[in-house]
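From first to last, the protein sequence lines are chains F and R.
Heads up: the first sequence at position 204 corresponds to 204 in full-length UniProt numbering, and the numbers run straight through without jumps.
Heads up: the second sequence at position 9 corresponds to 9 in full-length UniProt numbering, and the numbers run straight through without jumps.
No lab work stands behind these hints: they were computed from the structure.
Please read these numbers as outputs of a predicted model, since none were measured by experiment.
Using N, Cα and C, we set each Cβ at its ideal position, and we do this for glycine too.
Mixed in with the good hints, there may be bad ones.
[Claimed, not checked] Selected chain F positions facing chain R (Cβ under 8 Å, derived; list incomplete):
| id | residue |
| --- | --- |
| 1 | N54 |
| 2 | K85 |
| 3 | I134 |
[What the hints assert, rightly or not] Listing some non-contacts, in silico: residues in chain F with all C-beta distances to chain R over 10 Å:
| id | residue |
| --- | --- |
| 4 | H96 |
| 5 | Q97 |
| 6 | N113 |
| 7 | A123 |
| 8 | T162 |
| 9 | E263 |
Here is how the chains run, residue by residue.
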Amino acid sequence: MHITFNRVSANYQLGPIKRANILTDLSAEVKPGSFTAVIGPTGAGKSSLLKLINGLLLPSVGEVSVGEVVFTSKASKQALKQVRKRVGMAFQFPEHQLFAETVYEDLAFGPRNFHMTDSEIDATVKHVCQLTGIDQSLLERSPFSLSGGQQRRVAIAGILATKPDILVLDEPAAGLDPAAKKQILEMLSNLHRTEKLTTLMVTHDMDDVVHYADDVIVMAEGQIKAHLDVRSLFADQDLLDRYQLDVPTALSLQQQLEQAKGERLNNRSLTLTELADNLIEEGWV
Amino acid sequence: MNRLIIGRYFPGNSLIHQLDPRFKLIFVLYFIGLLFFLDGMILQAIFFILTLVIMVSTGVSLKTYVRGVRPLIWLILFATILRIVTTRGGAIYYEAGFLTLSEFGLVSGAYTFLRFVEMIFISTVLTLTTKPIDLTDAIYFLLKPLRYLYVPVEELSLMLSIALRFIPNLLDETEKVMNAQKARGMVFGEGNLLEQMKALTPLVLPLFAHSLKRAEDMADVLEVKGYKSGAKRTHYRALTWQVKDTLGVGLLVVLTFVVMTINVFG
Ligand SMILES: Nc1ncnc2c1ncn2[C@@H]1O[C@H](COP(=O)(O)OP(=O)(O)OP(=O)(O)O)[C@@H](O)[C@H]1O
Ligand SMILES: [Mg+2]
């Protein structure tokens, strides 16, 4: 499903008090079925950009369109409901949204709000448990009695349960141990592929960008500074320097090797396998 | 949330900002007490003007104060109307059972209204010009004598300052959880009263759970850092009583005197 930003500005205006824009003059088009990483320094407006997609933050100028739904500063309740049905959104630390007595009830919360029938809900809950690897025995437990990693899974499953076409993730793996992080990201990446979900993910980890994303949106100071595919991003050293972006482990290793040897490889490697191939190909090892 | 002005601090450097929080707290409590002893137009006028002068000298715009009254306006009007219809005397304009619309009723209704508004204004002055943490210290100071009655004053004031410290966090969190539930299709403020109350569960429960968790962490940290209840402690922030504050107390004495004189002879 298409997401387009058309000259959007937005701020967190409270009542009549005028605030400076948090996002200014954004224009972008996210391809349906793509996996887009959103990167940029802290305070750049990444989370705010995601909030625009499901109308938690409304544009003050310009328009956002998600599929056929278009909304501007005056979005109707109907439009918002429609968009929220389409878009599943996981905030930073989504486990903070858990509230129900049992995991089952928490997973059923979204589907209930969107008026699914009981049998549909039951099927959906089973389905998302399978997708996210939640054991059936956990369904009757209280979500508060689970470990942090399990809670994160349940929270994400609760978002998937609304059957979104678009998945918007704000640092979904922040604060997890490496194994749990990998599991969650692999799961999301699988979902993206099998269910053809258009996915946007904020991340600070460039290795995640390389492994999971097709495209990258670079944000800084409330603006989209670049929107390009992953390979072009890491080929553009100027851009990386300008916004002080990290590079993937493999590329960083390559750069260190190049510096030590005083020579350069022809291709920039994004993964360790690529790096190994390049090193062998050019006879460095 | 952003409409509630009472309880907010506006940084500034006016005379009122510089006064000792202990004095300000005493002044406000005493001033509110005096408001209940005002007989007649002259006193009402003096206190109204005094309130205005104090408000203006904080350097905060009057609009801000008026905004502070707004959320309570129905309560005030209710009290005022109750006062009007239950007081009789002077010329009577209308009568229905024990309810009347009389000259005295209207006058005392107006006074009631004024008293409420002045109470809110003056308390707002206190919170607008005093950092919450200073206010806590002032409350601690006033409660200190209760220690002799074995009231755990230290602990109460610690609790109060921790509570104040976490209000902004709680507001932020409320917004976050609200957004998260909205994203799952929750609609706030829809349906009848019962439905709306039910709709609060997904909001309040996570907040509760998280606050409890944080309280537990906080308790652990206090423990680890060696905090012991009942121990004698000194203060990092010292409050300093200045000449201005003594002069302020003088003002209170004068006011009391004026109120007594006018009430007795006026
Ligand atoms: N609810 C809010 N009310 C007011 N201002 C906000 C709110 N949320 C964010 N901001 C402001 O908007 C700007 C962008 O914030 P945002 O959360 O979008 O940044 P971010 O790129 O997600 O940062 P991070 O990497 O730290 O998550 C910041 O300056 C922040 O202070
Ligand atoms: Mg963020």
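Hints versus structure:
Restraint check, N54 of chain F versus chain R: the minimum CB separation of about 6 Å is within 8 Å; hint holds. The restraint placing K85 of chain F at the interface with chain R holds, with a minimum CB-CB distance near 7 Å, inside the 8 Å limit. Nearest Cβ of chain R to the Cβ of I134 of chain F: about 17 Å, over the 8 Å cut. The hint is violated. Its beta-carbon lying about 6 Å from the closest one in chain R, H96 of chain F breaks the requirement of being farther than 10 Å from that chain.
Against chain R, the non-interface label of Q97 of chain F is violated: not every CB pair exceeds 10 Å, the least being about 4 Å. Once the 10 Å rule is applied to beta carbons, N113 of chain F is inconsistent with being away from chain R; the minimum gap is 3 Å. A cut-off of 10 Å between C-beta atoms confirms that A123 of chain F is not in contact with chain R; the least separation is 18 Å. Not every Cβ of chain R is farther than 10 Å from the Cβ of T162 of chain F; the closest lies at roughly 6 Å, contradicting the non-interface assignment.
For E263 of chain F, the shortest C-beta to C-beta distance to chain R comes to about 50 Å, beyond the 10 Å cut-off, and the non-interface label holds.
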